[in-house]
Each structure stands twice: as structure tokens, then as C-alpha cells.
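Colleague: Chains A and B supply the protein sequences, listed in that same order. Be aware that the first sequence starts at 1, since it is given in full-length UniProt numbering, and climbs by one per residue. Be aware that the second sequence starts at 1, since it is given in full-length UniProt numbering, and climbs by one per residue.
Calculated directly from the structure, the hints in this document are not laboratory data. Hints should not be assumed to be uniformly reliable.
Same chains, same label: a pair holds when it works inside one copy or across any pair of copies.
As the list claims (entries may be wrong) - Derived DSS-like pairs (lysine-lysine); straight-line CA-CA distance at most 25 Å:
(1) 33 x 91
(2) 168 x 120
(3) 174 x 44
(4) 189 x 163
Chain residues, written in single-letter form:
Protein chains: 2
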Amino acid sequence: MESNTKKLGTLYGIGVGPGDEELLTLKAVNTIKKCPVIIAPSAKDGGSSIALDTARNFISEEQEVIIKHFPMGGEEQEEKIYQAFKFIEEKLHEGKDIAFLTIGDPFVYSTYIYLLRYIKEQGYNTETVPGITSFCAAASLAGEMIVIGDERVTIFPANQVDKITDEKFVVIMKVYRLEEQVLNTLEEKGFRYVFVKRAYREGQQVLRDREEILQNRDYMSLILAQRD
Amino acid sequence: MESNTKKLGTLYGIGVGPGDEELLTLKAVNTIKKCPVIIAPSAKDGGSSIALDTARNFISEEQEVIIKHFPMGGEEQEEKIYQAFKFIEEKLHEGKDIAFLTIGDPFVYSTYIYLLRYIKEQGYNTETVPGITSFCAAASLAGEMIVIGDERVTIFPANQVDKITDEKFVVIMKVYRLEEQVLNTLEEKGFRYVFVKRAYREGQQVLRDREEILQNRDYMSLILAQRD
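When you get a sec, could you build the whole thing from the sequences and use the hints?
Modeller: Following this line, the structure appears as C-alpha cells:
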């Protein structure tokens, strides 16, 4: 009977921003500190977690820290997300609050969104803490606007740049390995662009020269572009 | 001669997020604390400043706080921005660092962008601290995603919603007074939507019902929408 009356834990999805611990919000720090369980995603099996590294200094030895492997896409992804859900469900039933860390903002291209579907379907308590997105971080670092006035801005994954029509402001995400194709499209369409790599992390770079960009590819990179 | 060798101040553009002091980043707080001069914009002449109210608890009595009137658009705007620039220039020449507060992120629909043009033209030192955007705040509050997977997302000012083509994910900003037209367009095009008013501020509301939305208009509101 005891377990039925036990208070369930809450799942907190926490955006930790681009990777600089100073770019966590006060709310993110306060929420991380109060949760007995911290879960952080890793893109590689057995690999480290950028989200965890970003929040590391706000986590104490008393907290339980678990890195879960979340593959980027593919058949395996769905299975891993379900496994993480089952693990989280168990902890919630133990009455433990969980901080699930995500790079950037939890609702912008995050694996957390898939996970949250299961959690909400089962009616568990959840709360989300927004984070600094990679494109806002990149804009601040480059000193370039994202959008102004009565214009719109579209955020494209790099493999969708052929969908650009009459936009004046665009952000191109997931540029890695598609740099040449993206730059060609932007140049053809008359955009000025800036390439930002590893914003607010070690090795950050702001590049505007085509050749330099092609020589400095990196998984954590994006492009801000505009035209008149 | 002394004034020529004097070190110039730096202008810090600081995103304070949607209006909850807990949604400032650590970097925003630290930067605000170290600047002797704080400038905050007000939409009304002689009015209060939401950005200042958000940061108020991190500002001490020793700091000089100035509210500058920035009208939203119109002929007067350009003049007021130039006046603010001249004021800032003077302070920078006194060697003082300035924190210029902006709601949301400094590079997403902010008056700060216009101001920064003058500052950069004159070659002054500037640094920008990104902030939580209103749409990320709204998504977290509503528990709704902004974009996922290989999709793109477009952020539209409400008066541009007729530009929607085959987008699956859209954010509609500046909805005030255009609510009916925006909802009609979204419904015609088969979008599900959520209206978020004053996210993370007093009086915040998340509404999904058309009639409720039309009865709860507010200047600080936006819509997140998606379709299959």
C-alpha cells in the first residue's frame, strides 16, 4: 500500500545552453541543485555528455548522475529513448525528482522531445526550463542579428536549404558535412553569411571566408545569413 | 591629453529573457553587477522598463540606472535611438562600462540592434550576452515543441502570416490586435496552435481555445503552431 500513496517525482527538462556554464540560467542551476537524480544524454555509447560537462560544477557528490546513450536518429534511437523512459519512470516511482539535461533549449531539435511524449502519455509531472539556443549564442558571439523589424526568420536544417524562397533572414543548423552545398546555395541566392563553430565552447570560431569555413568544419557549427 | 589616453568603456548588450529574474543567465547577472552604468529601454516615454524590472534585484544603489525611451517604430524611433547612442558614447568616453538591458535575446527583434549599428560604426568595444527568447519561454511553459527532427521552423511577425507555405512548424510573434486574422489563417491551413501570454511574468496564461484567446488578448503574447 505504501508505494501507492508515495508521492511521484517530477521530471525537469533543463536547457543548459550552448556549453558555457555561465550561460545556464539561475533557474537551471537551482533546479539541477535540488534534483537527487541527474540524467544527461550522450551521442556516443559510453561517451561523455556535453550537457553534463556544462552543468558539472553545479552537481554535488550526493546526487546520482546517469549518462544515457541517445543515438542521433536511426532505428536504434527509438529503442534507446524507450529504455531511458523506463529508467526515468522507475526513478519517478521512487519519488525522486529528475533533472534531464539538454544542450541548447529543450524544445528546439532535442531528443528530449521524443522522451517527453512517453512521460506525458503516462501523466507524470513534468516541468521544462528553457535554455539559450545555439543560434542565439552564435549571434551574440558573432555580433550579428538573427532577425529585425517586420521580417521573418527561418531556421533550416542544412539538408533543407533548397526550401529557401524569399526569406531575408535564415539560420542554417546541422551544417556539418554539408558546408559546401550550403555555401553554394547561400551565395547563389545573394546571402551574406557568418559561420559559427563551437559557440561558447573551447575552440570557438567565427568565420566569414568560404575557404576558411571549408577548412574548419565541425560537428557543432551553424550559419547565420541575411540578404537585402 | 589625459582624455586621449583614458581607456574607453565597453557596451554590453544583455538579454534578460522573458521577464522572470530566474531566467537570467549567470553571465547576464555577473555582467550587470560589474557595470557602473545600467541602461534600460522603455516603450513609453516616462514609463517603466520590463527589462529593468527583471534585473532589478541584481542592481545596487551604487550603480547609475537610466531608462531611455525607445518608441516601437515610427519616425521618432530613429531619433530616440540616435539620442541614446550619443548618451552611451559619452559614458564610454568617461571610461565606464555599460550594461544595456533587453527583453528576450538582444538579436531577435530588438531595438538594441539599431543602436549597436552606431556603436560599431564608431569602433567601440561591445559584447553581447544572449538571452532566453520569448518563444523558447513560451514553449517551456506550454510544454510544446518548437521544432523537431529534419523540419524547419519559421518565426513570423503576425502581419506576415500570409507568407506561410508548406511549413509544419511556425511561431507567430507580435500577435496583439491581429489575433483573429492569425487564428483564421492557422485554422484554414490545418495548424494546431497554442497561445501563450506573458510567459514567466505575472498573469501568464496558456490557451488553446479560440474564444478564450480572443477574450485574453495581451501585448506580450505569441502563438506556437504545428501541423502534420
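Colleague: Would you mind marking each hint as holding or not holding in the structure?
Modeller: A quick look at each hint next to the structure:
1. In this homomeric assembly, residue 33 and residue 91 come within 25 Å of each other (Cα to Cα) only inside a single copy, at 17 Å, whereas the closest approach across copies is 39 Å.
2. In this homomeric assembly, residue 168 and residue 120 come within 25 Å of each other (Cα to Cα) only across copies, at 22 Å, whereas the closest approach inside a single copy is 37 Å.
3. Taking CA atoms no more than 25 Å apart as the test, residue 174 paired with residue 44 passes inside one copy only; the shortest distance there is 17 Å, against 41 Å between copies.
4. For a Cα distance limit of 25 Å, the shortest separation of residue 189 from residue 163 qualifies both inside one copy, at 12 Å, and across copies, at 19 Å.
Checked against the numbered hints given earlier, the structure satisfies every one of them.
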